[in-house]
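What follows is each chain in one-letter form.
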Amino acid sequence: MMTGNPEQPEIFAGLLAITRRELLLAWRRPGDILTPLFFFAMVCTLFPLAVGPSAEQLIFSGPGVLWVAALLATLLSLNSLFLSDHEDGSIDQLLVSPQPLPVLALGKTFAHWLISGLPLVLISPLMAMTYRMPSEIIGVLMLTLLLGTICLSLLGSIGAALTVGLHRGTALLSLLILPLAMPVLLIGANTVSLAAGNEVYATGIWALAAYVVMTVSLAPYATAAALRISNE
Amino acid sequence: MGRCQTLCLPLVPRIVNRPLSATECKLLTAKLSANDLTLIRGETCLFQGLRFALTSGELLLLEGQNGSGKTSLMRAIAGMLSLESGEIFWNGVDVTRQRQAFHGALVWLAHRSGLKGDLTLVENLRFEASLRPQSNVDTSSVYERLGISRLKRLALRSLSAGQQRRVALARMLMADVPLWLMDEPFTNLDPEGRKLVLELTEEHLASGGMCVMAAHQDIDISATIVRVQL
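Quick note, the sequences are listed as chains D and F, same order.
Following the numbering used here from start to finish, the first sequence increments by one per residue and tops out at 232.
Following the numbering used here from start to finish, the second sequence increments by one per residue and tops out at 230.
Bound conformation, chain F alone:
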């Protein structure tokens, strides 16, 4: 039990004889938090002692130049890179202890779509859906919303880069999970598409979801934005 408690309260000493500060309170309620993250790639230290805490309805915005480690941080959160030091907590439990459950709660929108060019849009998304528990998202309304319902029967390689990005967004919506990891979601999209991404993000946050986003442009949405400068 003692062990569990330390896991649940990662950043606050177990016995405190004073009222908790605002930051500490926030850390206690955070859904996704990170403590003292250090990542070294090759010879360079990308970040050191990085901390953040994110609760439902908040957006974590990663800012920094090209090559400053935004994607690496996201990969580290998703568990694809091993950190030099530090822990990441999901619902107060170290993610390395609940990898499967954590992966079930996140979806990753990467630079490369991860979709198969030889398969059609529907085949791709059906495969993705079968890896997850049954979700009750209405697929046709997702297609309609993203403007890809005309493209359902086409092989993915025949679609434009922007259209492929929309398919990747469709996968994200259909996964129906609380945590979105979005790595530069606006690339290749037309102005309308960029507006759509913002709208979708805003809705997702409003319904209690969370977002980690790496972006170079201003994010103009009505939600709490936690900024991390890399």
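Bound-form chain D, shown alone:
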């Protein structure tokens, strides 16, 4: 029965397996995907109703509102990232699994982004139209949101891992994440505003891309360490 496996498991297989499991779980519980998305859509559509239909005002406030809504929607979805794993004990199983924990954390975060970040990017053109955003600016908005949501998911995974053992950790999670997420919001919203004002905006895109590279390479390790700490 027992042979003992000297060879190491495939890391890529582990990454793929956990991503697939998370997507399958989300598919079984579509409510988890839809809540942040509805929140994003509601904030974006209610705002123009509240401030009035003046085109000038909408064009001016559009990038900021869309970006703030995206940030808050992502924060809303982050709380549940490790919560169910903590409740049913699968975190323990991940901690003792032969796969490196950062890889598993990266897989979970990647799935989280696919579930909550990507749909948000995909419906953002629809929302942008409410703000009378021209189509070439919508492209810039989608690109910044694409990069920004990746950053937010990865940063958020650190906070979610740290607060997973605490009851009602949502407020704390937001407090922990906001300082790190602030540059993403500032750069993202400003890049779209610059593009709308026909100015040079490529710097912002590069800065966001650099932030993505940094978070992809560092956040999984921080998340893994945080998971170890909060499960002691």
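Accuracy of the hints is not assured; some may be wrong.
As the list claims (entries may be wrong) - Derived CB-CB ranges, DEER-like: (1) F:Thr187 to D:Leu16: 27 to 37 Å; (2) F:Arg150 to D:Glu10: 42 to 52 Å; (3) D:Thr203 to F:Glu84: 49 to 59 Å; (4) F:Ser85 to D:Asp32: 36 to 46 Å; (5) F:Ser149 to D:Arg20: 49 to 59 Å; (6) F:Ile40 to D:Val51: 56 to 66 Å; (7) D:Glu136 to F:Arg150: 55 to 65 Å; (8) D:Val51 to F:Ser158: 44 to 54 Å; (9) F:Gln100 to D:Gly31: 35 to 45 Å; (10) F:Thr224 to D:Glu232: 27 to 37 Å; (11) F:Glu203 to D:Ile11: 47 to 57 Å; (12) D:Arg168 to F:Ile40: 44 to 54 Å.
Hints listed in this document are in silico derivations from the structure and should not be mistaken for laboratory results.
The beta-carbon is built from N, C-alpha and C at its ideal position, and this holds for glycine as well.
Please build the complex by placing chain F on the supplied structure of chain D, with the hints as guidance.
Relative to chain D, chain F alone:
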């Protein structure tokens, strides 16, 4: 090289001018051993200066009242709790230096199954299997043995607590690893299931495996049982 040697012989001085005692001999051949473990949780010291050594085919039985630190000791062995002091060795090497390899050699049967209620039995076990290297355990015979082959297509949350425990046992068997950490494996199981756990443990030990078990009941198997009173 010198460093390696101290690691390999953790508890015996490197140069000895006398024949080794039986205990020392055992420590040299032990696969899993612990030296001077101390664990403090909050204000209470759960255990201090704890030692044990386990070789192939042996069962380490943790005994003690509720809250005496059995689960904590197991979590410490699995590397989930940091110890106040002491080292744990796997094949003579400190486990903190070979975390991945050690985790590849153990499977942990915990209180909470760690299986996803929204997924079916097969989906759960397939996920677990994909985290490990390819094993050549025949899955259908494992299902048959544990009496869960009828339940393959059901979502796990619709199974009873005992059935879920059987699925967790299936994961343990399919992992095909030498070290089993079993935290009260008999909970929720019917008498037949409890007998099955004993049989499986006995077979595992007979084939050269090792077990660390926390249990409140008598373990009646034909294998060497190392007892640790907590």
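Quick rundown of the hints versus the structure:
Between Thr187 of chain F and Leu16 of chain D, the C-beta spacing of about 33 Å keeps the proposed range 27 to 37 Å intact. The hinted range of 42 to 52 Å is not satisfied by Arg150 of chain F and Glu10 of chain D, whose Cβ atoms lie roughly 32 Å apart. A C-beta distance of roughly 51 Å is found between Thr203 of chain D and Glu84 of chain F, which places it inside the suggested range of 49 to 59 Å. At roughly 43 Å, the beta carbons of Ser85 of chain F and Asp32 of chain D sit within the given window of 36 to 46 Å.
Look at Ser149 of chain F against Arg20 of chain D: about 24 Å separates their beta carbons, and that is not inside 49 to 59 Å. The supplied range of 56 to 66 Å is met by Ile40 of chain F and Val51 of chain D, whose beta-carbon atoms lie about 58 Å from each other. Between Glu136 of chain D and Arg150 of chain F the beta carbons are some 59 Å apart, a value that agrees with the proposed interval 55 to 65 Å. Our hint of 44 to 54 Å for Val51 of chain D and Ser158 of chain F holds, since their Cβ atoms are close to 50 Å apart.
Distance hint check for Gln100 of chain F and Gly31 of chain D: the Cβ-Cβ separation is about 36 Å, which falls inside the suggested range of 35 to 45 Å. Look at Thr224 of chain F against Glu232 of chain D: about 32 Å separates their beta carbons, and that is inside 27 to 37 Å. About 32 Å separates the C-beta atoms of Glu203 of chain F and Ile11 of chain D, a value inconsistent with the hinted range of 47 to 57 Å. Separated by about 28 Å at the C-beta atoms, Arg168 of chain D and Ile40 of chain F break the suggested range of 44 to 54 Å.
Against the hints set out earlier in the document, violations occur for numbers 2, 5, 11 and 12.
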